[in-house]
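K.L.:
From first to last, the protein sequence lines stand for chains A and B. Under the working numbering, the first residue of the first sequence carries the number 73, and numbering increases by one thereafter. Under the working numbering, the first residue of the second sequence carries the number 9, and numbering increases by one thereafter.
For the record, the hints were derived by calculation from the structure and aren't laboratory data. The model shown is predicted, which means the values in this text are computed figures rather than measured ones. Where a beta carbon is used, it is the ideal one built from N, C-alpha and C, also for glycine. Just so you know, not all the hints are guaranteed correct.
Here's a subset of chain A near chain B, in silico, CB distances under 7 Å, partners left out [claimed, not checked]:
{"id": "1", "residue": "G75"}
{"id": "2", "residue": "P80"}
{"id": "3", "residue": "G114"}
{"id": "4", "residue": "L115"}
{"id": "5", "residue": "L117"}
{"id": "6", "residue": "G123"}
{"id": "7", "residue": "F162"}
{"id": "8", "residue": "D172"}
{"id": "9", "residue": "T173"}
{"id": "10", "residue": "F176"}
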Amino acid sequence: DAGITQSPRHKVTETGTPVTLRCHQTENHRYMYWYRQDPGHGLRLIHYSYGVKDTDKGEVSDGYSVSRSKTEDFLLTLESATSSQTSVYFCAISVGGGDDTQYFGPGTRLTVL
Amino acid sequence: AQSVAQPEDQVNVAEGNPLTVKCTYSVSGNPYLFWYVQYPNRGLQFLLKYITGDNLVKGSYGFEAEFNKSQTSFHLKKPSALVSDSALYFCAVRAVNTDKLIFGTGTRLQVFP
């Protein structure tokens, strides 16, 4: 999985609780992405980052925030989880510099009850 | 706006037969096109991409894809399917002047022995 780890791999939480998902990469790639995968929707971009403290919104960013204080870590936070945020979340990296290929982590399955 | 369509939710093929998974796209300017595969409970794995050059792109595991500009298509093909090819396949497109991939909704390939 391209040197990308995600934690936790599975989480069950209750509506209204905060949740933070972590993506960690070992190769200091500049670009990092958070997606969610839902049946019938494919993958949809939540937020992405060009570098430390440089982030931007994606297609489905409402209800999510991100932080990147170190090159290797990209955190996704659900401030107050809702059942509609039950999904599988994937982190991805790209090398940049003209190579647009994205490489994905193993995913986190989040269930919000 | 850019978009990707995968018109078939599922493709069934017998082992040993050729397979095609269809993808059409809409993007202004020249597209960057990608195919990914997802095995159960795994992240997406990069198969191949088209940036420029030869319209026939060869990728991992014996897969290839043909870029057709006039039909705005990028179909994934393999001459002889294996049962182990059974998985979920995603097409994605990136416009030249953006940093983001747009994914199709995915096609489930089922190869029967």
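K.L.:
What are the numbers of the hints that this structure violates, sorted from low to high?
P.N.:
1, 2, 6
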